[in-house]
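Each chain is listed here by its residues.
2 protein chains.
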Amino acid sequence: MYERRGGGLILSCSDESDLRLAEIVRELEIPVVLLDRELPVAWAHRVLVDHRQGIVEAVDHLATLGHRRIGFVGGTLVIRPGRERHQAFKAATVLHGLWDEQLVQLGPLTPEFGRLGAATLLSAPDPPTALIATDNRQSTGVLLALVGSGLQMPDDISFVGCGDVEALALHNPPITILNRPVEELGAEAAKLLLASLATATTDPIDRPVTRVLGSHLLIRKSTDFPRRAMRTAGAIR
Amino acid sequence: MYERRGGGLILSCSDESDLRLAEIVRELEIPVVLLDRELPVAWAHRVLVDHRQGIVEAVDHLATLGHRRIGFVGGTLVIRPGRERHQAFKAATVLHGLWDEQLVQLGPLTPEFGRLGAATLLSAPDPPTALIATDNRQSTGVLLALVGSGLQMPDDISFVGCGDVEALALHNPPITILNRPVEELGAEAAKLLLASLATATTDPIDRPVTRVLGSHLLIRKSTDFPRRAMRTAGAIR
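Protein sequence lines correspond, in order, to chains A and B. So the first sequence is numbered by the working numbering: it starts at -1 and just counts up by one. So the second sequence is numbered by the working numbering: it starts at -1 and just counts up by one.
Looking at chain A on its own, in the form it has when it is part of the complex (with noise of 0.2 Å):
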């Protein structure tokens, strides 16, 4: 995805290593805002998220309500946002003694590929009692599986998805959501590009800008401590 502007680019892309993308990139003689991307172009400014904050975020919170088993559905680690988010979610939940490679889905970010993994990991023998999904997209999948699976917010399972704030807060339960700076991201990525495009004719490539916006956990009712996991416990005692 890409859109020109009176002689500057905005560039977003799916994938990080198509050499073409970089090459055209680097053939352009106009200012480029990358849109939480990396490409091999050093004189590209950058807007970024640090999706690390949120993520970390999340798995605290999960850890804290006694989750020992988060599943993570992610992106692949082909753009930074999915590095990011899965560098994240084993740090932290290495720090907590949680990680399991076998509660990680990467995959393309469609809401079949969130679907698709939740019920993957839904389905193991020894199944999450959390979920974090990380992209919009996914998360809409992950979502539909878990109403699709009849499992309850947040008894039977808790879940922090991705996407617009609204709209999650007005799911019932209201979705816990990995809160992104969305419209921060567009204007400070506008800015940057128009502070570049009025120095043009100087030197526009000659000091790369990079903003980094934070992410945060918005904590709503779709996660709480794992209560049918501990009935059940209770039950068996």
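These aren't lab readings, by the way, just hints derived from the structure by calculation. Wrong hints could be hidden among the right ones.
Quick partial rundown of chain A residues pointing at chain B, CB under 10 Å, derived from the structure [unchecked claim]:
id, residue
1, E14
2, E21
3, I28
4, E36
5, V39
6, L46
7, Q51
8, K88
9, V92
10, S121
11, T208
12, R209
All C-beta atoms, glycine included, are put in the ideal place defined by N, C-alpha and C.
Fit chain B to the known structure of chain A by using the hints.
Here is chain B on its own, set in the frame of chain A:
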């Protein structure tokens, strides 16, 4: 390495995968600024260096001069700078069709490893015509290996080093370097910590801030087209 400054902490570390460190930092109830490091601590501020820029500029510079075999001596992947530099080197050399895993030496940030890594690369059957050293201490070792080998810069080999701007300018020939904003890094960290301390009574950990500072190639005389290789080729024809 960490230092207390009146209720705040500016922190770097030699291994981000050291669990004990992340645990200690999480237990602190004071503002923390990470210096070019990643730890699974959602509320820590960060001052990061965009190492990508300098590395991509170095690869572009050498590739444009005609180098086809570019060696890389870098740190291990347990800290952010090591990961980011290696990833940038790989992306940029892949883009130029020059990637060769055999030309990469990753190890501890010591002059000893720098010397060893350079010696290993230079003694290979098809040695590089250019070397990039990405860390100060490793760079010193690589330079020692080059001087000790009797190879002339830039006639026999091109060298991109890293380290003290002034000292490496005084070398004969003056060394092309990866220039990092070392002073700015400390100043930004101090500024963030002071700002965080000033607001500590309200909620210092609510909005972690990330600042990213650029890195750049500073071209001097230790890099040029692969002269010896070209002379030899000319003589053979």
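Status of the hints after comparison with the structure:
1. E14: holds (8 Å)
2. E21: With a closest approach of 7 Å, the E21(A) hint holds.
3. I28: Status violated, d = 18 Å.
4. E36: With Cβ-Cβ at 7 Å, under 10 Å, it holds.
5. V39: Constraint on V39(A) satisfied, holds at 7 Å.
6. L46: Result: holds, 8 Å to nearest chain B Cβ.
7. Q51: holds (5 Å)
8. K88: holds (9 Å)
9. V92: Holds, about 7 Å.
10. S121: This interface hint is violated because 29 Å lies over the 10 Å limit.
11. T208: holds (4 Å)
12. R209: With Cβ-Cβ at 8 Å, under 10 Å, it holds.
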